[in-house]
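J.: Protein chains in written order, with my numbering: chain B, 1 to 283; chain C, 1 to 236; chain P, 1 to 237.
What the hints contain is simulated information worked out from the structure, not anything from laboratory work. Note that the structure is predicted; figures quoted are calculated from it, not measured. Please note that the accuracy of each hint is not assured.
[What the hints assert, rightly or not] Mimicking DSSO-like on lysine-lysine, the simulated pairs with C-alpha atoms at most 27 Å apart in a straight line are: (1) K244(B) x K44(C); (2) K82(C) x K113(B); (3) K58(C) x K181(P); (4) K46(P) x K128(P); (5) K181(P) x K151(B); (6) K38(B) x K82(C); (7) K49(C) x K217(P); (8) K128(P) x K221(C); (9) K44(C) x K181(P); (10) K217(P) x K221(C); (11) K243(B) x K82(C); (12) K38(B) x K151(B); (13) K151(B) x K244(B); (14) K128(P) x K178(B); (15) K151(B) x K233(B); (16) K49(C) x K114(B).
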Amino acid sequence: MKKTDILAGIIILAAAGAWAGGNKDASKTASQPAGVIKVRAAHTQTYVPYDFVNKDGQSDGYEVAVLKEVDRLLPQYEFQYFPTSDDDLLIGIESGKYDVGTKGVWITPERQKKYIFPRNPVGASIIGITFRTENADKIHDLESFAQFSGKLVPIAPQNAQWAVVQDFNTKHPAAQIKLLPSESFSVADAYTWVLEGRYDAFFDIKLSFQNNVLKDGAPYAKYKDKLSYVPYKGIPTWPLFNKKNQVLADAYDGAIATLKANGTLTALSQKYFGEDVFKFVTE
Amino acid sequence: MDKPFNPGFIPAVIPQLLPFLTVTFGILFGTILVGLPIGFLLAKARLGKHAAAQCISKCIVGALRCTPSIVMLFIMFYGLPKLFQTILGVDINGWSKAFFVIAALGLLFAASAAETMRSAYQAVDRGQYEAAVTIGLTGYQAFCRIVLPQAFVVALPNLGNSFIALLKEGSLAYTIGLIDIMGEGNLIIQRNYGAYALETYIALSVIYWTLTILIEQGFQKLEAHYSRGMRREYNA
Amino acid sequence: MLDLSFLAHTFLLSLTAIPVTLNITAVSLAVGLSIGFLTALVRIYKVRVLSQTAAVFVSFIRGTPVVLQILVVYSLFPSLLHALFVRAGIKADVFSIDPIWYAYFVFSLNTTAVLSEVLRSALLTVSKGQLEAALTIGLTAEQAYSRIIIPQALAAAVPNICTAAVSLIKNTSLAFMMTVKDITAVAKIEAAYGYNYIEAYLDIFAVYIIVCVVVQKLFGILENRLCIYKQTGAVYA
């Protein structure tokens, strides 16, 4: 039947198109000087501004920028960047599909069993809580919030924030924060939920609060006076290395030390976060 | 409590999303192309005479249908390279991500397509086949000219269901970094620090709904075309 | 290599989440079959206004990703309800509604739309002569349907209902977005601390296979019972 032939033809063309289109993101096979080792660097694609994919489809973000600088200092390596989901990044690095990855990882002893953590962190996240200004007299830090009500917007357990709150709860058995698990949902809901009283606080990244509430033209700008933010602390973030890549990790350490000394890290931090995030790291 | 909602954002974000439809369609067609033939073979084995083939087909279909799609994707993404490495010595880690997505979704689709085809085939009265053979058609001709067209009509609504579901399954590709429109929607939301999520999702749902309506219309036309000459007792 | 103690521990933990998954599935199937059947009838008989509404409804639910439906139901509904309650002066606390009810609602809606199409095609496979014959020998319409038409339609529908049921089971993993702890949720929560995702996914895989094999076996038995009338002893080509 002619119709099915045409249909089949269209299907085959479309499949070929998908194949060709997908091939665009296959690894570059550019000619390079002999001896250069290709490093497959994965990064999470939706953790703005640490790791993300920008409007032009390029890998971008603070951690990616740092890795690019590290790559420049290490001529024997060539980094290739693969944006992907958190799950694939973690499974991939563990299994060796990727050599190194960044996703704003916080260090825990459990994770150290599976991956190599270098000696130098790549960045830090400032986290704190957003709450209703009407409670500002009662809430000025995490402890007072826990005593106030402890009703916190649910957090995705894969999110490292979970570990931070858990850690807080272990250190403060008397007044604990009510920690509920959830898959990460849009921030738009979290702010609304705090505003309408469903929850009393939202574990928020400082940058997110600034962009969503304080900036001119921000989506929640009209609630500027109804919402307040208090930072808790800065937690260092680390890249993860596959267990076989100790040599690469050491090279990375050397490069980071150089970048810290010449101020590149601080400059990048200013560019992506608007401030030096390392100042908040207490340890 | 007024949730900040900016309806003007919806038409603004649609042009940003549309280019990624090529990925969504590519995955859709690729999956259908891979899944239908495999599904057909599985259904044929299940309905055939050999007990061994029946058993194998049942097991494969059963196992495939139990597998969550994300698990299948990881199995393909991590397992196939290992397989190719050991058997053929070829490193396919650099292959296009679309290949792995289509492999995973295609296999899963084959399982549900096999079941759809099987139930459609069994819905056609056995008498049709017997009558055809009686008047001198070979088994193959009886199948192709008499049974298949009727089975096809029965299968159509269910195939339509499957195609529409496949359209949305493509968003799974996001997990290994291949961005389709749903993935791009998520990226856009993240680039806006999580704001305008509802508007972006509404834009996405408008696009998906339009596509679904088009597929449904297409299938209705197909159903009407292929069931002419059949006494359609119930006005569908 | 693989952390075996984590593997075993999380596997057992995931098993405890099976009732949650099955609950959502069972409720959705029950609602979906009943309302889906009515919807299918409405569309087949082209009942005036209802048929078009049903068509739009099915089209919308099937046409939008479940993720969006969950988002709308879980974020908008409570806020809307809360605003409504406040205005009407009802003192109920909307936010204390167990999220599983939202899960029931979303998945039932979805299943209804899917099953109405399955049932529609199944009903169409039963030849009208059956209905006419039944009415001729004096059965009421209700008896004709329940004793003659529906059993035959079900025989055609069962494999596709099984497909829909298994899909539903796998889709319930999205219920996690509403903080409902199903199988996938439990495994991933355990994995988050030490990043034991490979083990977690293996466990998820194993548990889903067990659940689905059992469900498919049940549907297989159901299919055999319903298709007894078709077994003429002849073997299909």
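J.: Out of the numbered hints, which ones does the structure contradict?
T.: Going through the list in order, the structure violates hints 1, 3, 9, 10, 12, 13, 14 and 16 and respects the others.
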